[in-house]
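Residue numbers (the numbering used here), protein chains in the order written: chain W, 198 to 282; chain A, 20 to 193.
You may find that some hints are simply not true.
[Claimed, not checked] Only some residues are given here: those of chain A computed to face chain W with a beta carbon under 10 Å:
hint, residue
1, Val56
2, Phe96
3, Asp119
4, Lys124
5, Val164
6, Leu187
No lab work stands behind these hints, which were simulated from the structure alone. Backbone N, C-alpha and C define an ideal beta-carbon position, used for all residues, glycine too.
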Amino acid sequence: MQSFTHVIQDPMGLHARPAGMLAKAAIAWPCSITVTTSAGTGDAKRLMSIMRLAAKAGNELTVTCDGDREEEAAAAIKAFLKENL
Amino acid sequence: MGFFQKLFGKPADPAPSTPQPSAGPIRLFAPVTGEAVYITEVSDPTFGEKILGDGIAIKPAEGKILAPCDGTVEQIFETGHAVTLTSAEGAEILIHVGLDTVELKGKHYTIRAHDGDKVKRGDLLIEFDPTAIAAEGYDIITPIVICNSDDYSTIKPHAGQSVAAGDLILELEK
Numbered sequence: 198m199q200s201f202t203h204v205i206q207d208p209m210g211l212h213a214r215p216a217g218m219l220a221k222a223a224i225a226w227p228c229s230i231t232v233t234t235s236a237g238t239g240d241a242k243r244l245m246s247i248m249r250l251a252a253k254a255g256n257e258l259t260v261t262c263d264g265d266r267e268e269e270a271a272a273a274i275k276a277f278l279k280e281n282l
Numbered sequence: 020m021g022f023f024q025k026l027f028g029k030p031a032d033p034a035p036s037t038p039q040p041s042a043g044p045i046r047l048f049a050p051v052t053g054e055a056v057y058i059t060e061v062s063d064p065t066f067g068e069k070i071l072g073d074g075i076a077i078k079p080a081e082g083k084i085l086a087p088c089d090g091t092v093e094q095i096f097e098t099g100h101a102v103t104l105t106s107a108e109g110a111e112i113l114i115h116v117g118l119d120t121v122e123l124k125g126k127h128y129t130i131r132a133h134d135g136d137k138v139k140r141g142d143l144l145i146e147f148d149p150t151a152i153a154a155e156g157y158d159i160i161t162p163i164v165i166c167n168s169d170d171y172s173t174i175k176p177h178a179g180q181s182v183a184a185g186d187l188i189l190e191l192e193k
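One chain only, chain W, in its complex shape (with noise of 0.2 Å):
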């Protein structure tokens, strides 16, 4: 299991365009990922269950990666967030 912590930046928080974003980007992965803030935990390969969690500019999100490639993926993820989010 990978985890690793990101503090979003977007001022708009995590609304539906980068949650679109990250669950294309999760899909590509064989592992499970997971997104987990304070109001929750959502499946990071299906969108509305990361627009469920409506985070904010400023929340920490917590990626767990866990099972094939989960390093890769945990990589891929990270650099993803720190580009788009």
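Given chain W's structure and the hints, the job is docking chain A onto it.
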């Protein structure tokens, strides 16, 4: 779905609602009166290139968003610019009122439903002022996206026509 959950309408935790088995296509109806266009005509690539999923878009002629089917409100963004619902059959629907309208931070939008509400087709979800939103420089085109598009073999839009709220706009087949 458990008896108590059915009785009180709200699950104790935010687990996704259980999809119901269904016969025939899932039918979704226009949430707003206006002009129905193909989603590929939406200028924002997040929608036009179907990054969030396949669907349809409506250029609203009025300022009311109604439920496109019976289902559950998963989330109404507190800014009122978008709402997600799960249909009784399990289709995950995002209605995004205007492009980049998250930036308005709720201005010109009024929320008329709440997270977790069980709704019937035609129930009022959001009111908005299309004229004021357009006057601020935003495109008011409203994509209606099936977030779990991969669960369906066919997503048929009834685009290229004027629609009244409640007209058939999308048919989904497993």
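Going down the list of hints, with the structure as the test:
no.	hint	in the structure
1	Val56	19 Å, violated
2	Phe96	7 Å, holds
3	Asp119	9 Å, holds
4	Lys124	9 Å, holds
5	Val164	9 Å, holds
6	Leu187	23 Å, violated
Violation of the numbered hints given earlier is confined to hints 1 and 6; the remaining hints are satisfied by the structure.
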